[in-house]
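Chains as they are written, first to last, in this note's numbering: chain A, 1 to 379; chain B, 1 to 594.
Hints are computed from structural coordinates only; laboratory data are not their basis.
There could be a bad hint or two in this list.
[Claimed, not checked] The calculated lysine to aspartate or glutamate pairs, modelled on EDC-like cross-linking and capped at a C-alpha distance of 16 Å, are: (1) A:Lys294 to A:Glu306; (2) A:Lys123 to A:Asp338; (3) A:Lys37 to B:Asp272; (4) A:Lys192 to B:Asp426; (5) B:Lys484 to B:Asp426.
[What the hints assert, rightly or not] Counterexamples of contact, computed for chain B against chain A with all Cβ distances above 12 Å: (6) Thr125; (7) Glu128; (8) Pro230; (9) Val271; (10) Pro576.
The model shown is predicted, which means the values in this text are computed figures rather than measured ones.
Cβ atoms here follow ideal geometry from the backbone N, Cα and C, with glycine treated the same way.
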Amino acid sequence: MVRMRATLAVLAVVLAAGCSAPGSDSEDAGSDSGPIKIAVVDAQSGQLSSLGAWELKGARLAVDEWNAQGGVNGRQIQLDVFDDQGDPTIGTNLARKIDSEGYIAMIGTAESAVTIAMAPLLKQAEIPNITSGQSPGLVATKSEFLFLNGPTSTTYDETLAKHIVDQEGIKSIAMITNNGGYGKGEHDAFLKALRSRGVTPLADQVVTADQKDFSAVLTSIRQKNPKVIFLGAEEVESGLIVKQARDLGITATFAGAAPQGTPVFIDTAGAKNAEGAIVSSPYLSNDIDEASKKFAAAYKAKFNEEAELHGAKAYDGTQILLTALKTSNVASGKQLADAIRATKHDGLLGDFAFDETGVGIFETSIGVIKGGKLVAAES
Amino acid sequence: MRTKLLVGAALAVVAWFLPYGLDSYAIHVVNVILIFAILAVGLGLVMGIAGQVNLSQVAFFGVGAYATAILTTHAGLGFWVSGLLAIAATVLIGIVIGTPALRVQSHYLGIVTLGLALAFTNWVTNAEVAGGAEGISGIPSPELPGVDLSSEYLYYYLELIVFAVALAFGLFVVRTALGRRMRAMRDDALAAGALGAEVPMLRMTAFMLASVYGGLAGVLYAGLIRYVAPESFNIANMFLLLAMVIIGGRQSLIGCVVGAISLALVREMLVDHPTIAQLAYGSVVVLVVVFAPTGLAGLPRRARAYLDHRRGARGTAAQLGAFQPYEPAASASGDELLAVQGVSKQFRGLKALDDVSLTVAAGEIRGIVGPNGSGKTTLFNVISGLYKPTRGRVVFRGTDMTGRAPYRLARAGMARTFQNLRLFGDLTVEENLLVALDRSRTLSAWRYLLRPLNVLRRDRALRRSATDVLHRYGLTQFASLAPKSLPYGIQRRVEIARAVAADPALLLLDEPAAGLNGEEVRQLAEIVRSIRDSGRTVIIIEHNMGLVMSLCEQITVLAGGRVIAEGTPSHVAGHPAVIEAYLGDTGEFEGATR
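With the rest of the complex left out, here is chain B (with noise of 0.2 Å):
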């Protein structure tokens, strides 16, 4: 932490006098250069943090360019202002451009967000108020009392503020609750959801994020340039951006910078020999991906990585802590906490729930039973949300949730984990747990700005409670773990620590015990009975009985799609539709007696 505050103390200072040491044309790149790394810490916002293919960015520039552009010249607005309603206009553009991502992802938002940015190029070389092909020139340069702003020397200055600002934001974000909520979408969006996280307007943050960035850049490109073109934002800067977040390792803000201005030297020591330019700039975007897949940012920590693994010791393994049962609570036991009324599930010809109504009280726990495919996990993601049913209810707590959307559920008091675990991969365990803590509104995002100290209070306060949780559940030694690089069932502990940590009234376990060995699965049952004890009712589907048998009060076994027995496990033990179903056929059964 120390080194890393002064490493940032010196590049500061360095960055403060660099203007001394460089002539009229080096300061000129490096303002050019600073533009780009603003464009491309959006960019890595939008793009590396939440997920979301963006290549539009360049029109989110273009916009802020061009908005300035217009309201100097044409309505005779000062600079300031222009620049003010360009980053609104910016803004408004963005959430434009985001509402594909509502529908699709990947790339086919890659390809809907690249039309976008072509349609821009497109409307301004032909609109009249954007003077088509020949540009807007004679931008006024931004006027501030004492400073003269069209010296480049000077305008670096107002241009370093403006990026160690957004920089700073950027990382504040990212470090923080929205932007651990937006990486957690990135690596799963089902997952993300399930914990409450309102996925529409995440991503719709995102590319406001994004816009924001793109429209700072955007001014203060009309502030340098002072003319703005068709040509200056066109698809090649698009991919020049891709290039650059790519290079630098996109989920690295920093990274994005270093890839920024490291593609922006090599583009200008390279306009001297034009004959190898593309060539060379070619081979140093592919030799960067064969060769440092993470970027440039991931390469201390991949040398890192390589020296441990020749140095052969790692150091003594983490291990596993016992589970410290939770306070016991009294509950309110009895009350039906939800109800499954005779719900219906249609896979195209494929019938998976047929007419399925459960009713679980609080503070039980409930089993799910049955063979493979009767059902049981369509099941839980009619409840949760995932799936909608062709027919019936989903009453919770007293509320119809039929179709609602996971993250509602979620809210409402539901949490699951998933039959083949869903934990963010690219994010610590502790953040994996912090995700689930926060229990904000996504609409509260406007306290960065306004309350920042807010942020970091409630953000402090969230950690104390991921040390409780880490502790409670014997996971402290793992918390700044990848959840990959841990045993199979560390990371099932990790799933349900997760969704208990979203303090959840009704909590869905989808094969829990799967993989687990004897005593992994005796521990289980210790945290599920303490889960319960602490107030809450869990419904568990499982496939080892003894687990079932001994852990649950009331058991319900689908078969088929339907509900063939429900009640105490020495009732359905003995049930006959239930000896029928795992045992196959009574009649074959019979006649292999006789």
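Isolated chain A, as found in the complex (with noise of 0.2 Å):
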């Protein structure tokens, strides 16, 4: 009897506590003191986790040049990873993980469906994100707290396909993508580049993300004799297409993206194979200008390895970011995002000026591979 009156009090309590919602969302993440706490959210495990490290390696290499100068307005940057493992459910939780432990800021992630699946909760929380994606998607989810520390990949295709067909006139080209998140997103930049020009593919290949031998699509694309053939596939993969195809004894021209310029597609592809390859990218080479070859010393001097892109996009937005903590007397949320997008940059991928988007560079330049070498190329 006892316990059946005990039962019913319980009830009764968890009746009238039902009827007021939980939740209490009211602590505020800038506090005036200690050290500014900027998360990195990366996969730095799984299948993406190369990007993730790069991406972190840039990120702490501007944050100790800050820190080495003093910090922002005498306040140190505490710089915090936390790994998504490449996982849009772990990047929410992300989300919300950084919002309840006072970051004001976050730099990534580079894996566009991880950074869509946050945007809402970090636009809700008010925590501005200089992502390294370059998925359309991104500008789609019209967050003002959402910024790109590069271009579109509509950017980089765009300005591929007028390069070659504005520019050089080609218009006998190929397609071989592959059926990854990647390969689809360039595919379908590329070939709408081509068709606003006009320009129909002679082939339009689609291979797999891990297929290893390609003589059937190239025996096929070579029957067509293009001039060009455009690659949307990753740098192992690009590469051995690449090699395959001289096998074959196909001469045409290779053009790609980012992918395409990277020391590992030259290497996969060998440098003679590569040679005379078109590439779009923001960023072309670690010399190619003084800033950059100042960026890819301390990088090699902090982790003893060769700068790539993805570190020097995470270094610019990083930089971004920190400049617009100063300006902005280390204000946060809404404060913070419009100080970002005030942000004029002048940095190694090029001059930052974000519009509403959150876009901050819209071109990309033009490289060719030239002796194992990217180099820019002459227009």
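From these two lone chains plus the hints, build me the complex, please.
What follows is the structure in structure tokens.
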């Protein structure tokens, strides 16, 4: 009987409590003393961990440079890394986590889908986010707290199509893309850029993301005899395609976005085979100008490895964030987002000037592989 | 029972108050964990309970989430309508993905379902309607009058209710007829079929159940995250789910939930330490698999067994009771019950049966004897539908049943035991009997949704009959024990009790006296006679000639796959062909006497 009454009492409390909704979301992030907390969210494990590692190094380098000069307004910057494993679900967990732990801004992620998943939560929490993603879907989230540290993939392919079709006057073009996330995006963007110029590709071949033998695809392309073959695949796969194409006697020029400018691509394909490849990238190489040379040297000194595009992008993004923190007197939330938007930055990737979509760079450079090195194309 | 209820009630109260103590980050994590717990319960049902290796649970999850996303954003439907349609779509996909289970099992099935899961992520990455690699964003949050479900705190209650209902339904299935039949199929699909379980139908039902849970979780995911992308449903998550089920203990749904919660928490704790995350995560999985193979859910039982062992005392051992004979029933004897007509069975080069014909009259006890390798068990397998004869017909109760699936024959009134015992190892003795007693069709599982009380009532009636059977065979004290723990003779008796519990007109006993001592053989004869007197027909394969001679009215002798003699025990015993078959070549025999 006693137990019965106790149960009833508990039930009554439950019901009463059930009427008032739980949750008090009022604790605020920005405190005025102590270090400034910035989160790096990126895949540190799983398939995309190499991107995550590069991005972390770029951000770390920028932060260490600022800290060495006394931080922002005399406050040190604390950079903490969180592993999203390339999974959007974990991304949303982390968005809540950095909010509740008082981080005022976020660098990352390198994976567009994860960033898109996090965007609404970060917008709600008013945490500005500078991502390395380049998908047009990022812009479509319409979050005023989301910024891109590079051009969108549309820009890469638009610039490339402009160079090939408009400037070189080549219309005999074939495409090979893979059916992974990156390849599919490249496929759609480049095809769109061609169509808008009234060009139909001679061939539009799709391979799988882990394919190793491309002879069937390449043989069918050889019959069409295109002048340029567009590659929409990651570094190693692109390199393999080029190597096998040359073995089959295909002499066409290859063209592609950032992966086709990397040393990994050139090594896989062989310097001789990759010769003449046209690359559309905002960051052609480490010795394109003084700024990139200085960045590459610092990167090499700190991490003992060669700098590359992703590190450079994260470095630029972090520089912009820190500059905005300085100009806004360590503001947070909406004010910080506005400060980022207002920041004009002469970075490694070009001159950043953000518009309302959060994109700051609207063009890429065209490079050509010569003697195993990527150099700027003379136009 | 009472403590269980109290623990359950305490957990419910804790779950209800949980959000009051959590910040927005923790509540989000809890929401995600609940979704994974629902998925794990579904996977536990199909893999742990029904024994079907299913590596496409994450695809079910994805179909549910994507269908909700597409229907709300592209078709402009409301969230709830979309959710229902999404679950329906998932069930359809579940049936498609389950189809291979009709043909392949175990690791082959794993590979097929894994392939289908990969095909799903590949398809959504490339399909226009699924938004490609960018996925679909802007899914509206579900609306409920008066409740703001866009608040994750209130969404928690929605999830909690769905989860509680889903778990309760899962437990309900496991503890009643359908789940018992699935577990029987998992332990021994052949024996389950021979007892009338429609194995193909059951496998499809298992996949369907798993897909419902996958779909539910997918809909909740779409409502919570409001964004879907291919990466959310990748193979890494499939293996996470698998690990949850294995760590928790796959044969217990509660275990699956515990596994889901603990692994998700481990994963969450490790996001701060990316450098050691993979290593620590892998170690946890390996440690559990090595040191707690039955999972976390199996730990209390193992601990109890260990303590009992340490104490030494095992209480009083269970005693086998006496067999209570059946009430004799007037049997319509004389009519032909079974006719085997010119049956041959060829295994590649080997002719196991060669033009065997025999008829068995209702009410008879027929003995089938013959030297080893003479084709006795093959004949049983042909009669009970496990083998399809190369030639010839099997007519049972006037209907041609040649090549019918075992479960159809079982439903037509045939039951059998096996030469090397095929009891359902992970079911108790009582549950073994319950599987046989349950004569309902698997199709009638719709009652689980629409008339759950009816299911409960039937289950209670079944348990009452099981108690009767246990009592009749003197097995009452063994009711809750695992068959494997029993002495051989008792296992034999359980198998006979199980076969008779299926209420057959024809009972096939394959060497029931093998391994029994003299007293047990005497009891066996008594049991078989009583079974016959209750109006059933019995065919018995036996090597114990004393038993056959005293028990059977008619004996068929097989040698080299042919019937060499048939008749009364005394007729057969004096038949020259029989003597030849048992004692070897007559020429040699004569030579030896000369």
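A quick look at each hint next to the structure:
| no. | hint | verdict |
| --- | --- | --- |
| 1 | A:Lys294 to A:Glu306 | holds (12 Å) |
| 2 | A:Lys123 to A:Asp338 | holds (13 Å) |
| 3 | A:Lys37 to B:Asp272 | holds (14 Å) |
| 4 | A:Lys192 to B:Asp426 | violated (60 Å) |
| 5 | B:Lys484 to B:Asp426 | holds (9 Å) |
| 6 | Thr125 | violated (6 Å) |
| 7 | Glu128 | violated (9 Å) |
| 8 | Pro230 | violated (7 Å) |
| 9 | Val271 | violated (5 Å) |
| 10 | Pro576 | holds (72 Å) |
Comparing the model with each numbered hint stated earlier shows that hints 4, 6, 7, 8 and 9 do not hold.
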